[in-house]
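Number of protein chains: 2
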Amino acid sequence: MGTLKKTSKDGKWEVLGSKELLHIDSRMTVSVQKVKLPDGRIIDDYCRVIFPDCVIIAAVTKDKKVVMSRQYLHGFGHASIVLPAGTMNKGEEPLQAAKRELLEETGYDSDDWTPLASPYSHTNYVGGKVNFFLARNARKLAEPDSKDLEEMEILLLNETSIIKNIKSGNIVSMGSITGLALAKLCFNAPGIRGMRRSTGPV
Amino acid sequence: MGTLKKTSKDGKWEVLGSKELLHIDSRMTVSVQKVKLPDGRIIDDYCRVIFPDCVIIAAVTKDKKVVMSRQYLHGFGHASIVLPAGTMNKGEEPLQAAKRELLEETGYDSDDWTPLASPYSHTNYVGGKVNFFLARNARKLAEPDSKDLEEMEILLLNETSIIKNIKSGNIVSMGSITGLALAKLCFNAPGIRGMRRSTGPV
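In order, the protein sequence lines correspond to chains X and Z. Numbers in my numbering are just positions in the first sequence, counted from 1, shifted up by 884. Numbers in my numbering are just positions in the second sequence, counted from 1, shifted up by 884.
Keep in mind that the hints were calculated from the coordinates and are not lab data. Treat the hints with care, as some may be off.
Since the list gives no way to pick out one identical chain from another, each pair is judged satisfied if it fits inside one copy or across any two copies.
No more than 25 angstroms apart at the CA atoms, straight line, and that leaves these computed lysine-lysine pairs for BS3-like [what the hints assert, rightly or not]: (1) Lys1051 - Lys948; (2) Lys903 - Lys918; (3) Lys1048 - Lys1013; (4) Lys1031 - Lys918; (5) Lys1031 - Lys896; (6) Lys1051 - Lys896; (7) Lys920 - Lys1031.
Since this is a predicted model, take the numbers as computed values, not measurements.
Using the sequences and the hints, build the whole thing.
In structure tokens, the structure reads:
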């Protein structure tokens, strides 16, 4: 992570106490914190929701297609196209989890991995840490063998098709859009070509 | 929303029952569902977490800068640069909430609004519906008057600076990255210039 120049507005909130409200095995913990703001105000019930850390992978083949899957997403209540993703197993490193999830969900593998970013999924409540990866030169090694509840159809999409599917609402996952954007905007992934340099006053 | 061609893999899960586990006023409801998968399997405890619907705004000025704010985010535990965003008030329409949040948080207004997409924040657990908007020709009307707990510093960032800040980890919110990507990838927002058309086999 880079660092922003510190200002007086950056003061961390001080956690004065925390109480667990709900804990569901490895899936979720909800608690409330008593926090003290930099201006001295005390907030008694600031929520915190912890999900397991997870990985999301933008894997790009040599012929510049992104490996995605089409599946029913119960949260949305309909089918959508998503990047391969999943929660990390206990003791797993993010890269290890990313390689495992890509292989299990799609049958693809790569030996050219770049970590992109690792934000938390909820800016206020934490959510879970989401580790994004770019995998270049992805190639099919095996048939998918996901243990997930959802049935999946593997799709290889080029950039034009990805944009069309985002515009038409067929790619709606914030995780997937973030992964695609990080690969495209920051790393000019093959298949997700470089941006035109702006010539205006931007 | 566009529609994907239906396949046998699209079968909705049937909700056989639901039990509320936790409810915190308007902020959060956690429940478990008993669901039936298309292949007949019954899952007894599929989690559901509902946050309030919210709005995230990519507002671009006439001179092609995006209106963002720099603030401490307790979920991340450090300062970050984010798009203006907030939860919808009861009875509010998404556009109305977007206009209110942009004005309150940044003092900016616009009369050229485009809805971008409205995904849910969690593909499996629902989260909340996140309504993304593009506001063109944003102009400053007033001083910010946010009721938020966080102190904010308003920043006007051009495209080069946005990409630099994403790469260096100073823009880490998935909501903000998604909003920027939707504006850039799908709508070639002014200030977030058009993409180079790929000439390769993508």
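From the Cα coordinates, with 25 angstroms as the cut-off, is the pair Lys1051 and Lys896 best called within, between, both, or neither?
between (38 angstroms within a copy, 23 angstroms between copies)
Can you give me the call for Lys1048 and Lys1013, within, between, both or neither, at a CA distance of at most 25 angstroms?
between (29 angstroms within a copy, 21 angstroms between copies)
When no copy is specified for Lys903 and Lys918, does a C-alpha distance of 25 angstroms or less occur within a copy, between copies, both, or neither?
within (9 angstroms within a copy, 28 angstroms between copies)
How would you label the pair Lys1031, Lys896 (within, between, both, or neither) given a Cα cut-off of 25 angstroms?
between (40 angstroms within a copy, 18 angstroms between copies)
How would you classify Lys920 and Lys1031 at a CA-CA limit of 25 angstroms: within, between, both, or neither?
between (43 angstroms within a copy, 16 angstroms between copies)
Status of Lys918 relative to Lys1031 across identical chains (alpha carbons, at most 25 angstroms):
between (39 angstroms within a copy, 19 angstroms between copies)
Same-copy or cross-copy closeness of Lys1051 to Lys948 [CA-CA at most 25 angstroms]
The answer is both: 20 angstroms in one copy and 22 angstroms across copies each meet 25 angstroms.
Figure legend: structure checked against the earlier numbered hints; every hint is met.
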